[in-house]
Amino acid sequence: MAELLQQLINGLSLGAIYALIALGYTMVYGVLRFINFAHSDVFMVGAFVGWYAVNQWRIPSGTILSGLLVLGLAMGVCALLGVTIEKLAYKPLRNRSTLTVLITAIGVSLLLQNAGQKVFGANPKAYPALFPTSQFHFAGVMVSSNQLVVLVVTILLLGGLHFVVHHTKIGTAMRAVSFNATAASLVGIHIDGVISFTFALGSALAGAGGVLYAINYPSIDPFMGTMPGLKAFVAAVLGGIGNLPGAALGGLLIGLVETFVSGTRASTFRDAIAFAILILILLLRPAGLLGKLRVEKV
Amino acid sequence: MAALLQLDQITIRFGGLTAVSEVTATVQTGELVGLIGPNGAGKTTVFNMITGVYQPSGGRIQFRGRSTAGLRPFEITELGIARTFQNIRLFPSLSVFDNVRVAFHLHLKHAAIHSLSRGPKFHAEEEELREATLGLLKIFNLERVQNEPAKSLPYGDQRRLEIIRALATRPQLLLLDEPAAGMNPAEKVELMRLIQFIRDQFQLAILLVEHDMKVVMGVCQRIHVLEYGRKIAEGTPQQIRANPAVIAAYLGQESTAA
Amino acid sequence: MLPRSQILLLASLILAGVVSAFSGNMDTYFLDVAMGVGISVVLASSLNLINGFTGQFSLGHAGFMAVGAYTSAMITTTLGPKFGWSQLGLQWVLFPASLLVGGLLSALAGLAVGAPSLRLKGDYLAIVTLGFGEIIKVVLQNVEAVGGARGLVAVPGHTNLFWTFGTAALTVYVVWALMNSTYGRGFLAVADDEVAAEAMGLNTTRYKIIAFAVGSFFAGIAGGLYAHLKGYLNPTGFDFNKSIEIVIMVILGGMGKHVGVIVAAVVLTAVQEPLRQLGDWRMILYALILILLMILRPQGLFVWPLWTKKTT
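Protein chains in written order, with my numbering: chain E, -11 to 286; chain U, 477 to 734; chain A, 23 to 334.
Hints listed in this document are in silico derivations from the structure and should not be mistaken for laboratory results.
As the structure is a computational prediction, the values presented were derived from the model and not from experiment.
Treat the hints loosely; a few may be bogus.
Below 27 Å or equal to it, Euclidean Cα-Cα: the simulated BS3-like pairs (lysine-lysine) are [as the list claims (entries may be wrong)]: (1) U:Lys627 <-> E:Lys79; (2) U:Lys597 <-> U:Lys585; (3) A:Lys264 <-> A:Lys104; (4) A:Lys264 <-> E:Lys113; (5) A:Lys264 <-> E:Lys106; (6) E:Lys75 <-> E:Lys106; (7) U:Lys690 <-> U:Lys664; (8) E:Lys157 <-> E:Lys106; (9) U:Lys614 <-> U:Lys585.
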């Protein structure tokens, strides 16, 4: 029983991170209808901003306040990066085929990874302790403070996102563009502004995800984004791409499944599990758990 | 005699919206039938159900006495129904010639493997298809532009090419989705002549969705009228013209009404 | 009397055989690069069938290549010594047979991936094929019988100029011949507009499956050639980056263009070694080329009117 509870907590804290990344995929898909391949590398940059903040820019670490400061910094830098990528690489491609945009996104992803390798170095870097660390034991279950940080920060960010999307003007505009971009532009919504905002929001969440992922894992490297990114994408599809609560739910589910598989003898296959899930959903319920199928207009 | 095409109380719902509700209609062999109605009445949706793009939520569709339920669009084309699209859907990267040639596909005896062996039979059949394609293009005066990319044709020619392409599948029923859209009055007169010519020359039935009342009244033997997804009238052009429900629903709002 | 295209194929095969017979005193570095070029042409042309002509988007070509590479290497390394094939000079039978089996198994994998996922549109299909490639890699890393994460070593060096260029010529012929027929125009129609293609009676699913099966068949054979050229195999050699390399050849050459893609495969492979001097900058360069190409010249670099499709 304690074993099960332990896995549940581990799974939730991993899934929370997937959820944060998955939201970015799903939001961009909502407004632009393409998979932003480079999203997973924005996540990586987020983790590195945290590393640089402590090791190069001498921001003190180890208190809750400084940890949150670093987290905010990573989110800000990533938001800026996301908007820049969109303006330079994707904006010139409006109204081009999905494949053209997808290939460009792959190019941006390769660029971030390899430029990252040039700038950050290829060797894995040990991650500093951003937040005060301690462990809590109860009923045979061990919870680290970092896991708590992940869960609390994720809940706060999801709450913030919900507020922005449902109770602000720009959030309403986002939903309108996602529903029907042409109609939205006809009623005077500034589409480019909404797209930029979406990228900023999604990238900021990915940046937060990067820092939270890094504090729970021993080291970071420029290629660290690929796997979590792919799994988060699977999470977005599982929940129903374009659907925000779906992405969060999908992230948690993927995190749980992965953690439980890791505990079994099939643990070496855990990276393959996400893809098996993806293929299954696409076969059985292509619209995802919470999504609606779009009917192509003929 | 059983009808060529029989729609029996077909209904389709998208989420909560019932786009087409319990529509019953027939098309007889060799008949020229119109399907009209105001914007959003569900005309194209009916086409999409007949051709298998959408599966009806209720009711039955029978073609030549056979139910088309569960068939994929290409299987329905195989049975003998061809169509054009409201917003022209040619193969833009293919030449005019290839657009038509590829539609002969259903009548090919050779398959992928023969393209590799390229034996005498393969060449004979390819030659046969070349002639058939050119023959069709000639009837419609498009053989001069056979090597142009389809997307480079003027709008009216693209509409005609789409009809030729549909004819290459050798259908018994041709569905035309607003062929007069975007045409000027002279072109429309020409189109009416063309539709009748096709029906006689190729001995097929035509179901015509059209907005332009002149065209529909001018060529159709029988007309079905839809409004908000329901059928409100059926009859000859004269009967439809005099039908008060139709006038209220449709003719009253349209200044182009004849 | 054979059609001209088949005479051309035969001539290429004979030429490959003759050059190969005299390759004994060629510079080994040059030979290595030349064989690498041949393998790249096979990979790029076969991927062009899927991504270019049929308009699908596979990001898992390296995965199919891995299936062929491991299958054929396992056959020659286990059966070869067992029956003394090499002493008997029978590697001339065993090696091509192993390539064929590798290709067939890869085609089977192509069917297994393709059949269920072909309902998916562009970007979803890309992710599924990418996932497939990753699964293959993980499986290979975990199966001890094929060397696991350490990889497979001591694969005999059967690959020569004849096999690489012969296969390249055959691949190009097959893709060309498929496209240049009424049946084959269907691939292009599927790429252009699936809804319209279905309405014209084309079974779009079957077309896509054929493209996937044929494409992965040749990827598998290329894998076999690669295995017997390098002499060792490692699962990480068939990762996402390898797939991307092949995708770049197809995009640079112009999706759905025969000659352009061949030129791109030749050029990119030939300059690979010099480019390796650039170290990390090489991938940065690739990435920038990819982005700029999509923005400025999405039809590909090696394409001009001379080579556009003509009606035959």
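List, from low to high, the hint numbers that the structure doesn't satisfy.
Violated hints (numbers, rising): 3, 8; every other hint is consistent with the structure.
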